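Visitor: Letter by letter, the chains look like this.
There are 2 protein chains.
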Amino acid sequence: MRRKITLKDIARELEVSISTVSKALKNSAEIGRDTKEKVQAFAKLYNYKPNNIAVSLKNKHTKNIGVIIPDIVHYFFTTVFRGIEKYANSHGYNVIICVSDESFDKEVINMEMLANGSIDGFIMALSGETQLKNDFSHLREVTDQGIPLVLFDRVTDEIQCDKVILNDTEITHQAITKMIKSGKRRIGLLTTENFFNVSTDREAGYRKALTDNGISVDENLILTLPFNEEIDAIGPFIDNNDIDAIFAVNEIFAIHAMGIAQGKGIKVPEEISFIGFTDGWLSRYASPGLTSIAQHGDQMGEIAAKMLIDRVEEELKSEIEIPFRTEIVKASIVERESTIN
Amino acid sequence: MRRKITLKDIARELEVSISTVSKALKNSAEIGRDTKEKVQAFAKLYNYKPNNIAVSLKNKHTKNIGVIIPDIVHYFFTTVFRGIEKYANSHGYNVIICVSDESFDKEVINMEMLANGSIDGFIMALSGETQLKNDFSHLREVTDQGIPLVLFDRVTDEIQCDKVILNDTEITHQAITKMIKSGKRRIGLLTTENFFNVSTDREAGYRKALTDNGISVDENLILTLPFNEEIDAIGPFIDNNDIDAIFAVNEIFAIHAMGIAQGKGIKVPEEISFIGFTDGWLSRYASPGLTSIAQHGDQMGEIAAKMLIDRVEEELKSEIEIPFRTEIVKASIVERESTIN
DNA sequence: TATTAACACGAAACCGTTTTCGTAGTTTTT
DNA sequence: AAAAACTACGAAAACGGTTTCGTGTTAATA
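The listed protein sequences derive, respectively, from chains A and B.
Counting from 1, one number per residue, gives the positions in the first sequence under the numbering used here.
Counting from 1001, one number per residue, gives the positions in the second sequence under the numbering used here.
A few of these clues could be false.
Unchecked claim - Straight-line distance between alpha carbons at most 20 Å, and here's what the computed EDC-like set of lysine to aspartate or glutamate pairs gives: (1) B:LYS1004 x B:GLU1015; (2) A:LYS86 x B:ASP1009; (3) A:LYS4 x B:GLU1015; (4) A:LYS86 x B:GLU1271; (5) B:LYS1267 x B:GLU1335; (6) A:LYS60 x B:ASP1009.
As the list claims (entries may be wrong) - To be clear about the criterion: a stretch of chain A counts as covered by chain B if any three or more of its residues have a C-beta under 8 Å from a C-beta of chain B, and this derived list gives those stretches: (7) 51-65; (8) 269-276.
Calculated from the structure, these hints are not laboratory results.
Values in this document were obtained by computation on a predicted structure and should not be read as measured data.
Ideal placement from N, C-alpha and C gives every residue a C-beta, glycine not left out.
Could you build all of it, start to finish, from the sequences and the hints given here?
Guide: Encoded structure:
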């Protein structure tokens, strides 16, 4: 079991000083040709790699970024994560990921674990509980310390930082308009408790699309489903409201509702059509295929990672403050067979 | 922008030495009551938290574990990850995750990035390319350095380390036997190139189940689908072979095949039944629901994390070598409507 | 009262780097 | 030939902790 070789080992072996070795390996002009070659050859031979931890301690930055998301077994978040990881890795950064599990406490604990030197900055989407409690002191704690933070998707106006969001309202407006254009009038909305900023935004798009098209909003057509998977309400909801289309704020609700409708023998999309948020595996492989809103998670992740890393590296070299930005990713509608084209 | 406070700051402010502060905060018996209380109060007031990096450098372990998986937008891997993260977090460890994207090179690069002090050990599933090339030198590199490694699911006999695997052969045997018991005789197998150990094992279970039940294996009933999503072959495969059941080594293949069969108007499960590996969202929300093999990813992840952390912490306190173990997780069959009960 | 033990704390080494600064020895300049 | 300027390298501080060991004070023992 070969132990890792250090600068000190090389220095001792080659009878030069540690500083000489360090400089030689960095190709410093201070060091003579022969010494450089000797050191570099030796280092290569013994496969020397600098110890990341020591470098981090010295340089005061770790090349790690912390990601905190509410859930990992979730299509959208995994695609965002993939985008983050891709961008980060190609820029020499590693990603430490923590799952808050929609819990405020876990979110706080995870942030505290990472905020003590482990990472150069955070990328996160707020947990459900955090949005519900409306308590962001842990975020402020972190930004006050000068640790860069990028929020994505589940964001808040309470915190001044970089953000990446989707044009939720707009894309919902488009989707609902599309349904109306295809002749639908009694369009149901399946949504979650509106402490989620995204639910609120999507509902706003829904309402505006209806009124813009001269249809008054029937509150009975808006079904708020609880946090857990309590979805028995969908059946009666469809039956009692003469519904001819359903827009759902997530894939699961949409697929579920479509399954229930099909079970009742209602024809999709002629009698009832469906659109759901998140263009994931379920939408793709449902039968009929589910028309859905592609959130371009990979793109959101890459943008978030770029914003964060740009800020981290800017802060290293200059003292000028970069203003906070909010980038908006444009969603798109992926048409499949659950809607009338 | 308050900077983080250090031991040195506290020492200066309280006019004691750094070592006294350090000991006081650790409640060392060496330090007097009054001094301890003074230091602890001050530390609490200014929210002192030790710098992780400095502690890591000193202690030579980081409380980080590295996870390398081939894909993140993938139900099974995310559940394993969730298990790892849960166990690790509750034991004070953070998880750095890298995605190899089924690429040998990325796997190597990721391992090298992390193997230089960033982590105390690895948990990984081999990339497709690695299994194809059969080149595990990067793993050996790491184990030779004494860095603990746990392989899960996609493993290899070439490397001596802890492993967590599924009883692939056995559960496939059970599933196929179940199909036979329900009257099926022409059972198709949808599989991938057999450089994946899991594909090989599952195929072995398939073959054995048939012969054990007195059915000879018809090689035409085994369809090997390529790495990408080239699945046009499924339609003709069903048509030409008088197939009455299909077992697929993953969820996507199964769902796809079921969709194609339904498109042809073949009745599921009466005329053709389906079982797929991975009990994910697709299986749950397909219509009819897909009978599937639950791999208990959370459990695999927790076991892997426990094996790794146990080994890391054992190595800290004693020099005795723990023998390598292979834990086998028992899959189970989740029955839904795509099979005859 | 002299000796020993217990107590409370500080100095310093150490983890593995990076980086500033000082200085022999050599070369160039005048 | 003396002064100035390079060249090539080493010593040492620093990053922020942990830990060993030494020591001055006080309390207990003989």
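Visitor: Going through the numbered hints above, which ones does this structure break? Give me the numbers in ascending order.
Guide: Those not satisfied are hints 2, 3, 4, 8.
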